[in-house]
Amino acid sequence: MASWDLAVTVEDLGSDAPAVTLSVASDLHVGGVILKLVEKTQIKRDWSDHAIWWEQKQQWLLRTAWTLEKYGIHADARLLFMPQHKPLKLGLPNGKTLRLKACFSRPVFQTVMGICKILDIRHPEELSLLRPIEEKKKKKDKDSAEEIYDLTEVPLSSASRPLLYDGMPAHFADSPEMEAVYKMLSVTQPPPAPEVIAKQYRPASVVDKAHINGRWLDSSRCLMQQGIQENDRVWLRFKYFSFYDMDPKYDVVRLTQLYEQARWAILLEDIDCTEEEMMLFGALQYHISKVSQSEPQMVSSNAAMDDLDSALQSLEVKLEGESSSASDMLVGHIGLDNMRNMISYFRPKRLTLKGYKQYWFKFQDTSISYFKSKEESIGEPIQQINLKGCEVAPDVNVTAQKFLIRLLIPAPEGMNEVYLRCENEEQYAQWMAGCRLASKGKTLADSSFQNEIQSIRSFLAMQKKSSHGNAPTNDESINTHSLVSPRYHKKYKAKQLTPRILDAYQNVAQLSLTDAVMRFLQIWQALPDFGLSYVVVRFKGSRKDEVLGIAPNRLIRIDLAVGDVVKTWRYNNMKQWNVNWDIRQMAIEFEGNINIAFGCVTADCKIVHEFIGGYIFMSTRSRAKSDTLNEELFHKLTGGHEAL
Amino acid sequence: AIKSVVQTVDHQEEEDSDKEDQDLDKMFGAWLGELDKLTQSLDESRPEEPPQRKAPLRQDTNMANFSYRFSIYNINEALNQGENVDLDALMADLCSIEQELGTVNAKPNSAGGMARLGLTDAKVSRQLVGGGGGSSGASSGSSSARASPAGTIRVPAEHHGRAALASNFSLDDITAQLEKASLSMDEAARQTSSHSLTSASSYSSATMRRPGSSQRHHRRTGSVGTVSEHEARSIVHSSRSSATSASGASVNSASSMDSLDSVLCSDEPEGQQAAGPPSHSYLDRETSLILRNIAGKPCHLLTKEEQAAKLKADNIRVALEKIKEAQVKKLVIRVHLSDESSKTMMVDERQTVRQVLDSLLEKSHCGYSPDWSLVETINELQMERIFEDHENLVENLQNWTRDSQNRLMFTERIEKYALFKNPQNYLLGRKETCEMAERNKEALLEECFGGSTVSVPEMEGVLWLKEDGKKSWKKRYFLLRASGIYYVPKGKAKASRDLVCFLQLDHVNVYHGQDYKSKYKAPTDYCMVLKHPQIQKKSQYIKYLCCDDVRTLQQWINSIRIAKYGKQLYINFQEAMRRTEAAYDWSSLSSSSIKSGSSSSLPESQSNHSSQSDSGVSEMTSSGHTRSQSAVSSIFSDAWRRGTQGEQSNVLDPGEHQTHFIGSPCSGALINLTTVVTVILAGHF
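Chains as they are written, first to last, in the UniProt record's numbering: chain A, 1 to 644; chain B, 1 to 685.
Since the hints were made in silico from the structure, they are not lab data. Predicted model, so just to flag it, every value in this text is computed and none were measured. Everything hinted at is true.
Calculated pairs, EDC-like style, for lysine to aspartate or glutamate (alpha carbon to alpha carbon, straight line, at most 16 Å):
#1 A:44 to A:11
#2 B:494 to A:272
#3 A:567 to B:458
#4 B:494 to A:559
#5 B:494 to A:564
#6 B:494 to A:529
#7 A:490 to B:498
Isolated chain A (complex conformation) (with noise of 0.2 Å):
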């Protein structure tokens, strides 16, 4: 067979290096011409990694089986041989940029899988990559400060699992600096600045928020093919909202980016919530990062150790409750004398301007009694309230010294009301910590005790900052500003936040790290809206644009005009799918001769297509209960004409 000359670009070689050119002939395989280079060139390296990159044909040349004439290739084809991997700059949920080193040749849908691997996140078929929003060009001086960690070392391993060291994949025990990484990854980040929220882009409509969902990258094609470049940054989210067999043992960076991710959604009001949940949610943030701050994460203890000391602890608890009735010698740590106290009470009843009166207060067990003064306090009590099973509630304002608690106490013939108010902060710290405790039913022997006043505190002095003003954040504080959407930063000052909050935070309090992030997770997935990612339509024989709502379960119909969900469609009922290529048009069969048809506006229909048969897909994960992802499925799911 004649041979003719090719001419191949070898990356390794520099910019400016002329291509390297070999003679070959047709029925060279490719791994022939990959050898040939490699001699010429006469560089030793490990070439392993290498591959030749067609750019003509946006094609890599994978098979190195395949000959030059079954590829079609002619002497005028532009050929670059280059590594598969190369770095990427990966904006996270987060919000902190990683640099590593992806692969560009294959499906980026194993792309996402090697980067999960690295990062340690298990179900990447969870994850995707998108082109990041455009950023502002005025802040490009303050974008070449951001940090960047690099993980472009971490050797690529073969291994489904990497090896884990100390709860972590190993390559993140190499050194102090990846260990710095490893914490950014699974350590939740510190409530951004107000200033940072408000700067941020906020979608104002269902409209706004469809267009962040045409920037998905095709899942069947890789990198190259989607003229992604070394070192271009994309951004790496979760965009399939059914997530498998969560478990914070296995889960760590998973859950922390997760929980991100969510926070964000939350703040720029991506997905819509109430004022209450908006509370709760800061609230959350809150405790989190408070959390997160103080105890390092603990990595796996025994389960039986812990099993003794919950016993002997709640045992001791049990203990301190029972002997207790003859006793106040319970009260620890502070000692007795600080839960005696001269309190202001008050009783409101209708139609009484009587105000506040003083009595002596006395702390027992989950009671509070009351006695005319501390001399009679040896006597019976004017009466005592028990106080498990109340809802309290603070009333402060710190400014004014104002420390009321307000105590709704459950009793056959309703709710009553019952204010105590206290003199200074660290009586009230105290009292709000008892009657917390005492209100799930613990005593004030109880361990939580004592972080149960540090933490009413804590979010006192945060009152305090506030009030005088917006005080820069700093580690210590944090700005109940940084923990809601900027709708609140107009409609509440952060004093009046702060009460709302910590209202809301009594609830969350006691949580544990991993339990705190888990109910936040909780909370978004109960959202009505969560789960859904917009993309506006044109339905089959309407004139106007609309939307559909695609879910985890369910396609909706949104009506602009109204705004409102006019049609819901199962996945359950769906028959069939089809997407006609040509005119960039979905068809869709549902059980009982329901017929939709829709051309995508602000994405393309792939990615719908992409969108619904990922949903399916993962609907069928709990069935196949298997650790090894089936691929193939997913790509039969969501390949579309392109892949077979």
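Since the structure of chain A is provided, determine the placement of chain B on it from the hints.
Leaving out everything else, chain B in the frame of chain A:
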């Protein structure tokens, strides 16, 4: 007559009392006699005890007690001589004592003819006996035995203080022993190991620390020998509290604990907190250190010492569990059946509604169906609620007031699990009832309840709200979210951020209001009520909502249940279905004598038992299981439909018939819902 939880157990008047009540009575009588005898002998043996300090006592006759005394003696010796104590022997003693306590507990607590006694527990009955000599003891016993609802504000005018104090007997008793055990352990540890420890750590090894906090502290810092300020404080605290309980115990149980008296200054009454030995620990430092070191190590690699430490920990754990069991409250309740008869039974404070239902079903031979429910009816407020299977019954009943007119009904309610039998009518937010293939129902349920989070059905629409304190009902647009019930304020769109929170669901239960058209002038009779379970009387804190039709009402009630209980509801249903299937298995074997655990048995053993008897079912594959499950539910729904059409239901197979009608005259359906059973009954007889 309507009976409340707190009842006079009077057997002459107990017309419908069944055999069990009589057994109870007999046992109780025998027990009383025994105790009387004991009291006498004790009075004789200790004439110097002032009467008001006459404490409850323990049978001195059995071997357990002898060995118990013996071990106490050993401890004292060990304390003096610093010898190592055989902890295991001590644990064995503790266990036997516990057993003894258990047998006393297991005997009926209803003090027949002697006192009004309903809500009672081991402590109280002992108290009664202890004060048997004087009538004051009995009366104070009955007053403290009264079900005083937790959380109510009460003025402690009655017999208080001392009576309550004396009843701390059993726990304190055991506590004291436990503490002494650890005391001696510490002592031993100090003797043997002080040379190897720094002064700081030997100090703390001889010091009781609050095990939870101090151990956690260790784990966090990893430093072992340091004693932080916080820790030091807790040392002081806990040694104080232990002194309290120990001396309290010796006061209260003076008769049987005389050996303890030599150790603890207990000649003084409880008010004086003599400083007890400043050192004790459940686990001494060394043991806990060893335990920490061996955590996760396989058994065969442990050294002898480590194994011993592990054993020690295990023993303590067992002892703790036993103590918990000894503390169990029991409650005699009256359950009303739909035929106006009633049953008296005893429930354990740990029992769930499911467990109580099981034992009721077993006793009443009324055939198994998942629809059997315990229904709380609050007559005064004309509302009712089906208790969820996972709820704790005693906890709920304790919310009733003493003079409550409330009733507990045992009846079949089709609406209890209608949600799972026809999920399409509840989960899809549709307006009309519709059919769905079984396969799809399963998929739908799996989708809604199978995941990590349960999504609340999208319920929204116009409801009538009764204005606070007014007679009028006002229309509002309500929405249900996982975080609570909201409404759309006037003039606003229903965007999430503008919604006003009507109430959050954590503290309220949803009730079904009855006949509110005449009671409250409601627009319809399809009303639901949201209130805190402790509220028992008319109050502004009770919220009344009225729906246009029964379907909407059921959708709202069920959606609120989902929002409140989530996955637990589905688990309850699956469990109920499992039992139903098991019951069918039994009936086909025509073995009506199979027991599913009696009311007094422990929940653990009961569940063990039922899982054994369920074995035929649980061996099935899960997919097969759900399929058969829904097959059953479809039979039910079919029957229901046909039943309401007035047809003879020949659809049910004979086996099912049988199970339904065994002894069924005592059971049946009630109130406005005719169930499948009654319809078939009519055709059958």
